[in-house]
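Participant: Sequence:
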Amino acid sequence: MAVGELELEASAVRHDTEAYALRAEHRGTVLAYSGDTGPCPALDRAAAGADLLLCEAEADRWDPGEPQVHHTPEDAGALARRAGVGRLLVTHVGPTMGREVATERAASVFCGPTQCAREDERHELP
51 MAVGELELEA SAVRHDTEAY ALRAEHRGTV LAYSGDTGPC PALDRAAAGA
101 DLLLCEAEAD RWDPGEPQVH HTPEDAGALA RRAGVGRLLV THVGPTMGRE
151 VATERAASVF CGPTQCARED ERHELP
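Using my numbering, the first residue of the sequence shown is number 51, and each one after it goes up by one.
What the hints contain is simulated information worked out from the structure, not anything from laboratory work. Please note that the accuracy of each hint is not assured.
Between beta-carbon pairs, the in silico distance windows are [unchecked claim]:
1. Val53 x Arg132: 27 to 33 Å
2. Glu68 x Ala167: 21 to 27 Å
3. Leu58 x Pro176: 28 to 34 Å
4. Ala128 x Glu68: 20 to 26 Å
5. Arg168 x Asp94: 22 to 28 Å
6. Asp110 x Arg132: 34 to 40 Å
7. Cys161 x Ala62: 14 to 20 Å
8. Met51 x Arg172: 23 to 29 Å
9. Val53 x Ala92: 38 to 44 Å
We put the beta carbon where it would ideally sit given N, CA and C, even for glycine.
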């Protein structure tokens, strides 16, 4: 869907209720937002080549016997690496770990620029 020069694409993602990822593109610059989801192919497509990926990292770990409806920090980092994003911004961190710990864990897998989202911060895109 186009809004002026901004191209928006929502994709249904894996969660225990209806949830969507968002890909926003303007003149070749891309922001991808995971929404509330576990790893899934739709999110990989939404994040592909994004300049900035805003990804939730709610789960400290997950039980393989349960459906994975949230990312661990390592999942967020792996998505960023796999999708070839420029920067990773970790958000929606669960209560069992601090934001700094989650960011460090994600960065250790992504091996690229990684920060934690904070209220009222601005992030410039190229």
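Participant: Please list, smallest to largest, the hint numbers that this structure does not respect.
Facilitator: 3, 6, 7 and 9
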